[in-house]
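Protein chains in written order, with my numbering: chain A, 1 to 298; chain B, 1001 to 1274.
If you are wondering where the hints come from, they were derived from the structure by calculation, not from laboratory data.
All residues carry an ideal CB built from backbone N, CA and C; glycine is no exception.
Do not rely on the hints blindly, as some may be mistaken.
Chain B side only, calculated, beta carbon under 7 Å to chain A, not exhaustive [as the list claims (entries may be wrong)]:
no., residue
1, Pro1170
2, Ala1171
3, Ser1177
For reference, the chains in residue letters:
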Amino acid sequence: MRKQTLEGAQPARRSSDPTGSPPVADGPAAASTAHLSARNVRIEYRAPSESASDVTLAVDNANLELQRSDFVCIVGPSGCGKTTFLNAVAGFLPIQGGNLELDGRDIPGPGPDRAMVFQQASLLPWRKVIDNVTYGLELGRTMKKAQARERARELLDLVGLSGFGDRYPAQLSGGMQQRVNLARALAVEPELLLLDEPFASIDAQTRETMQAELLRVCAARDVTALFVTHDITEAAFLADRVCVFSPRPGHIVREVVVPFDRPRDQRLRRSPEFLALVDEIAETLYGGTDPTAGEVIH
Amino acid sequence: MATTTQTRPPAAPVPSTRPRPRRRLHPKYVYGTVAVVVVLVVWQVVAALRIKPAIVLPGPFDVAKAFGQLFSTDAIWADLATSGKELMYGLILATVIGLPLGLLIGWYRRLSYLLSPLITFLYATPRIALTPLLIIWLGIGDSSKIAIVFLMAVFPILINSVSGVQNLDPAVLRVASCFGAGHLQIFRTIALPGSVPFIVSGLRLAVGQALIGVFVAELSGATHGVGMLMNTAGQQFQTSVVFAGLFIFAITGVVLTGLLRRVEQHYAAWRPQN
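The task is simple: from the sequences and hints, build the whole structure.
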């Protein structure tokens, strides 16, 4: 699966060689100035019921760097450990090896400096939309309630939900719930926004709209984002760089720089350059076994 | 990185203004009223035919008359107060103990391992059969009666509180911990509000059980109470008074469960499907 078939196709886009060695030029030992830096990260996963010997190596030797304002997507086959990696960055899982640092410090656990947008909107159903958006602020206890609501209202405007603050989540469509999910994550003004396939359960048309909306929102707030998806077109449309994960144990086999200018609009998706890039990522991902884009982009 | 997109922002769906129900009666109430009236009429007709003597089967009018007689003296108020006190004390005690205990059992898995054999045992036992024991231990006064009501009412509350906490959406719990919420914060902002619908259902079930408790408790050695009133009236073949007592129990149950059902429906508003 590590075959790199497209040697020389678009070498300018490579920021790492195909062997999976660290993209960090200075090597693992160098102190990093990156916002998020993962070096040789190794994550083992054990299901609670399983015995101690029954450990799955989910991520091994993963290397990644994020500068501020970067938008990086991780793509990979399902079960490759990309979500596990994201969970480790979020602080839900401990790492068993390597370094995972945020602004040069280890990640001790979940914290308000990182916010997660989940695949399921996971809104608190007994809270109105606006109170869902303020939820993170409320837990942080650093902001007065009126102030928090003011910010929540601004964010609802930003995600296109003006006037829906007093609804309950059950009264919203899936796409709208996902917007609330995004607004809730942005409300705590995280230094790093983590997104775990947030549009996977939304219909295709809404998804494309939401992707463009996400770019707009991220630009407006100058967000640093790490976005996990299995959808290659989604990754290519959103990211500055696309990191391709190998099958388990996951590591980044290649980083593809996405050269398209911002702001990007929906027409980009139909351009030959975009499709060529998608093709290239797909070939990396599937080892060239099935180059038909129709198959790989679900 | 200023970005604008040429896609239109998705049009905000027009809030669906559901047509308000018109002032006409809902078929539910029409049919329900018809059914009640039919039963009353049939009952009155059968009673009036005197297939059985009035002492065995009084008609609705006889029962209404008995009601009038009951409420013409002060004795009934003492009965109502006694039974009401047993019911309320029992229910309150059951809530005060069952609700927090249930939440804790739902929250701490080890506590549930510890207590679930006991709870299963007591839940499977016909708890009303503990009445003789409670009378031996607590005497025939108020305390044994409240204890019976409590025992009847506590289990629906306890078990519903447990399942309320155990059925919390793990995705929502993850959101809370993602924002760095502490245990107490998760309990207060997720576990408590999230299990409210279960708790209210438990309370509603508890009312029915508590009423059984009140009646049975008063069968054995009470000086006042609606159950005792019925028991005494039954021994004296004042059948219409027995019916009147029955209706007092029934109306209490209907009113209390009706109130709780409204609370339940209020919280069901945010449930995905009620």
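Evaluation of the provided hints:
1. This hint is violated: Pro1170(B) has a C-beta 9 Å from the nearest C-beta of chain A, more than the 7 Å allowed.
2. For Ala1171(B), the interface hint holds, since its Cβ comes within 7 Å of a Cβ in chain A; the closest pair sits about 4 Å apart.
3. Among the interface hints, the one on Ser1177(B) holds; its C-beta lies about 6 Å from the nearest C-beta in chain A, closer than the 7 Å criterion.
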